[in-house]
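Peer 1: Hey, can you piece these two chains together into the complex? The hints should help.
Protein sequence lines correspond, in order, to chains D and H.
Quick note, the first sequence lines up with residues 15 to 526 if you use my numbering.
Quick note, the second sequence lines up with residues 10 to 333 if you use my numbering.
What the hints contain is simulated information worked out from the structure, not anything from laboratory work.
You can trust all of the hints, since none of them are fake.
Quick partial rundown of chain D residues pointing at chain H, CB under 10 Å, derived from the structure:
id, residue
1, Val319
2, Arg340
3, Asp353
4, Val373
5, Leu377
6, Leu378
7, Tyr385
8, Thr429
Listed next, with one range per pair, are the computed distances between beta-carbon atoms:
id, chain 1, residue 1, chain 2, residue 2, range
9, H, Val188, D, Ser405, 28 to 36 Å
10, H, Ile180, D, Lys393, 40 to 48 Å
11, D, Asp145, H, Arg330, 44 to 52 Å
12, H, Val324, D, Phe197, 55 to 63 Å
Treat the numbers as computed from the prediction; the structure is a model and nothing was measured.
Every residue, glycine too, gets a C-beta built ideally from N, C-alpha and C.
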Amino acid sequence: MSEPVIELRGISKRFPGVQALDNVSFDVREGEVHALLGENGAGKSTLIKILTGAYQADGGQIFLRGKPVTIPDTRHGLKLGIAAIYQELSLYPDLSVAENIFMGHHPSLRGGLVNWRQMEQRARAILHELDADDLDVSRPVRGLSVGNQQRVEIAKALSHDARILIMDEPTAALTKHDVDQLFAIVRRLRERGVAVVYITHRLEEVFLLADRVTVLRDGRVVGETLDVSKTSQAELIRMMVGRTLDTLFPKTPAQPGEVVLEVRNLCYGRTTRKVNFILRQGEIVGLAGLVGAGRSELAQVIFGVTPAESGEIRVNGRPVSIRSPREAMALGIAYVPEDRKNQGLLLRMNVRENTALAVLRQLLRYGFIDYAAEDRLAKEYVEQLQIRTPSLLQQVVNLSGGNQQKVVLAKWLATKPKVLILDEPTRGIDVGAKAEIHRLMNALAQQGMAILMISSELPEILGMSDRVLVMRQGTIVAELDRAQATQEAVVAAAMGADELHMTLVASTSLNP
Amino acid sequence: MSTPAAPTLPPLPRPRRWVVQQESVLVAAILALTLCVSLVNPDFLNTSNLLDIAVNTAYIAVAAAGMTMVIVSGNIDISVGSMLGVCATIAGELARNDVPVPLAFAAAVIAGGIMGAVNGALVAYARIPAIVVTLGMLSILRGGLILVTQGRWIESLPQAFFFSQRSTLGIPNPVWVMVIVALLVWFFMRYHRLGRAIYAVGGNAEAARLAGINPRQVHFFVFVVNGLLVGLAAVLYASKFTAIQSNAGQGFELAVISGTVVGGVSILGGTGTVLGAVLGSLLISQIGTAAVFLKVSPFWLQAVQGGLILLTVLVDVLRRRRMT
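Bound-form chain H, shown alone (with noise of 0.2 Å):
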């Protein structure tokens, strides 16, 4: 381009050189862990363990993608863990019963979709903010499952319930469904039109109500996704273990909103990538397991990821605060 003769013109404003992409520092520190505690322990580097992290993070992740949406959306959703509980147990109590096996594993995702639109509804129709809403929810919910189940564990099951134990191509199964399912919201968040009305309804609703996108329809949309997704990994997380307890998910919603947020998604809304949901699950795993093989005490544990959590925030927050 050829630059006119206008000495007035302000001087170009520079792209942010040092603004690095939160997926990047993430691949960079997943990377690192695993070498550190490779050093020390060689074991960590086994194909098994490897596998085993990414099995343990394949739920988490998948409703991490679902909560990506919602948080990018400017909601967030502290019901997953009972709904991941309520899902589970009727994905096994109708197993248990016979039903084939499919048809059990699609009503779990049937019922979470459900329950995710009735969390919407009250977000979007009834303007009840979405921490009150899924508070209440997440309440209602367990004590609901806890009441029905009477406490029982569901045992009992046919084996061909034991999806997530099994293998296709050598990889595990929760495996496929972690990567599919992040494939497909990454796509859908980059190239459907609604997944950008999520962006930008997150980013700035009057803007985007303007612009002539319907938030009310947005904010409903995000929390069915959600829910699906939520039943979709009550699925994985069911078929793991051969009983389902009642208290199935209690502390999931904290698993899955740390991944998200330590993946970029900023709680503030309008900005964050599936991509970095996933990694910043499978970081959070990760550290986890890398602290039994440096057997270091659990309750660490909790204390890092809760420093994760701040500090990714804390990032945010600075770096908005620079722009404006």
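If we strip away everything but chain D, and leave its shape as in the complex, we get (with noise of 0.2 Å):
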């Protein structure tokens, strides 16, 4: 068995709130594909980051064949022979393959210019060895498909030189065609003797592609790296999610009344792709699915906010059309979107302002907008949602995170909506505004409102949801009732582990 090229030990990373690392240890060999698995949040890309040193570790230490190292910065660690590819290609779209591939350490004649011919001949060997000779290295990059753009960026890595190479989920926007291709070059590299870390979140991908597995939760390893071949789907899930629900949620369950809204085949672009589903009142439905599942998306097609392409929403049994954001809100749909500071707040507008935004049409007096009756409304909801702002004037942007969420809340139930979308509603917000929140949305729904909530955080989908929806590549895949609702069904289903192994988790789940 061969050294490892390199290893972590001990790291450790702190960021304001988070302990993003937690004494992580962890170490590639040449010539083996090391799988890196986790949740969205388990700290896979502080890991990355830290090994490529765009992140400085807090504590720990690095030791590249044997010798401890410090990666002051990325070109640092591209001098080490360390890269990595992202999931967000780093192209410059309009300048050719060849200067691409050598973008920053282009071979040079005197006086610092380009030596093109060197250059060109040097990227179409670098090609080559991917078995990828079809590129023309002269044309712009712009234009190329998805997985000819990777390869560029492959070529980039390989240019530096790299031993280490890293791929964050490399197969997220590729076709099969593609992937296909991408494993060839990586068993190739393999061969070559580089080591490649391979983050992923198709367990499949695992079993097909990688050596040795390891499975980080929270900002630790869970158990130890395993060897893929003595290792299983049903196992892996079990190392991701097996966290204790210890965060209580104050769950009334949900009397269910009329369907509100029904989803028929909704389609919008690569992202929403044949959606189906009901919204009853007086329910909250979790929507669970990975990162780029396609559920915020999804969420701003019933909105209105990129319009469905095809399908069908009825709103109370009637089908409706949604062009814009304001027929949406018209039908008593609300969103609360994902992104509090870019999507929901007018930050240097105050505590009044922002709540009576989406209702103003109704504050009119004469035409004119009434600010005893704008400053009632906005009264009316600091209290029932026990916003803490020392006054109506307040500007949102001196608010706590919590709080400003809570103005975001505060503008949509003005709109008194009978679908309340809610998108990721208590990220970055602090445990007692998180609890006010969960208590708010129960209240809500005794009252009739139907919920649809998107989370990431599998406890609060299982803690708050009358029933899960979960989403996989723009598409619901799996309905699950409050009852069949565990971790380890909610995860197989959204990295899309197959039936076979779904059973066989469910039955384990049993007895833990």
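Peer 2: See the structure below:
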């Protein structure tokens, strides 16, 4: 068995309010593919950023071929032969393939001029090694398929003579054909002795490609690194989710009433593909899935931000057409977006103005804004949601995250919606405010509101939902009622573990 | 309000007392400048001189009211100088050719509205950045104006044309217009739904759109209103002098944008008031007059004006950085 080419020992990294990595040890050997698994927020990204030098660890050590090293920045990391390919490709679309490959370290003539001939020759040589001779090195990257762009990225990494290649969800945006080609490239690199760190959300890829696998959860390594040949999908899923549900959720079971929202074969672009579901009065439906599964995109289609290209939406049984947020609002739909600062708030406006923004039309008197009515409205919601602000005239930028989130909620509750879509309603807010928002959601459901809650936090999904919908690759792949919805079942559906394994998981989860 | 027993609550953020309203700063600056200059040269305090400053500011301030709406919405219009030239020429040509003066004035205002609509359509619907659209418009209008007029001055205007040289109830007409426009725009921005929408779109277009506001409508609207107000400013300007030159309004855009920005209208959009913009315009005019009284070279004037703009924007940017 070969020696580790790079080894992390006891790495820790803290960000304000969160321990992203806690005493993590991890190593990669020459000529192996090492898969890194974990839920959203498990610490995978932080780990690879420490490997490449983008972040500095607070504690622990990195060893390169047995010698301790520090990697102060990514430039230095590249010099040591550590390169990463991220899910979001970072190419310059208007520059040629060769220029992209040698960006920042082009072969030069005297005086620093670019040696074009040599650059293109070397680019061709690298692409040849990747079995990608068909790529014309002088054409611009714009217009290449995603798969080809990714090959350019890999060539870029190899042009630095990378011995350690980190791939972050490389297949997320690829077609089946491109995936096969990518796998061939990865295997070829492995034969050449490159150490590959492979991050993925697709469990089957682990078994197709990887030699060893490490699971991260809440910033720690779960158990130890395993040989892929000695594990199973079920075991990996269990390792990823095996967290205790320690957060208390004040869930009151729903008394579902009439169907208020019905979605049939809804499609938009590549992100929303034939989505079907219903939402009843008085119930909270959790929408689970991995980041990039198309949950927020689905919400935006329903809310008319990106109107549906085909399919049907029914509100109270009546087919409707929703072409803009205003039309969605008129139908009694409200959408509390995920990104409160960029999509939810007018940071430099005050609590009163933010609360009233979506219902200004109702606050007019003789055609002009009635400030007294606006005041009453804002006051009502500040009291109902217990928004802690020194006054209604406070700019929302000065409020805490939890109170800002309540202001966004207030704005949408003021529209008196029948259907409330909440996108990550408690992300980044403190525990107290979180519990208050959960209580509020229950109260609203009790009053008959239908709530669709998108969340990446499994405990929140399981704790709050009457039903759970799981999305993967733009469509709903599972619907689980409260009793069926276990962490394992949700994760298995979200990651696309096959049916056989799901039943296996369901049976094992009974006897942990 | 009674305090529930909840000791875990985070402390309330305290309101920032040091954030002083831009308007009060401007009033203080204007008063201080008046005091200083009059100590050196008491003639500065003369009523006629003070009214002069107000008259010379009026047409700038009227356009600054429109510019406030444009900048608050997150846009900019640098074509206002050329538009002023075109509108002034239209009013003058019509009046010289025996069109009744009120009609000639109305034509200038409407022409401004049409040019503003072209700007607005290109920004809102063709989605070209405002700086590019209005830069193009600046050149087209100025070039076109000189082509059409052949660079000739418009003279021998009828007596009724000189609206700006007259007074009503002892106050020069341009000052009346300035005050009325400022009040109307202030009221609109504060009390009309669309006024609020301008702030919302400039502050966060995405959030505004999700709240059911149509940002494109808002962009189009602010350019149209700005055009109308530039037309009105052109009337004030044209009727002030005995002749209208074809280079009328050159550099006007700088005066208007300076006044607006110094008045605390954030160049990044989303905040600012018309009152501030008018006061900012007044301050800049006053500095100009003060320079004359103090016998300071006019070249200093431009430097001071530029320095004021940078200072105001710097304060705004720093304030925002503190917040996020």
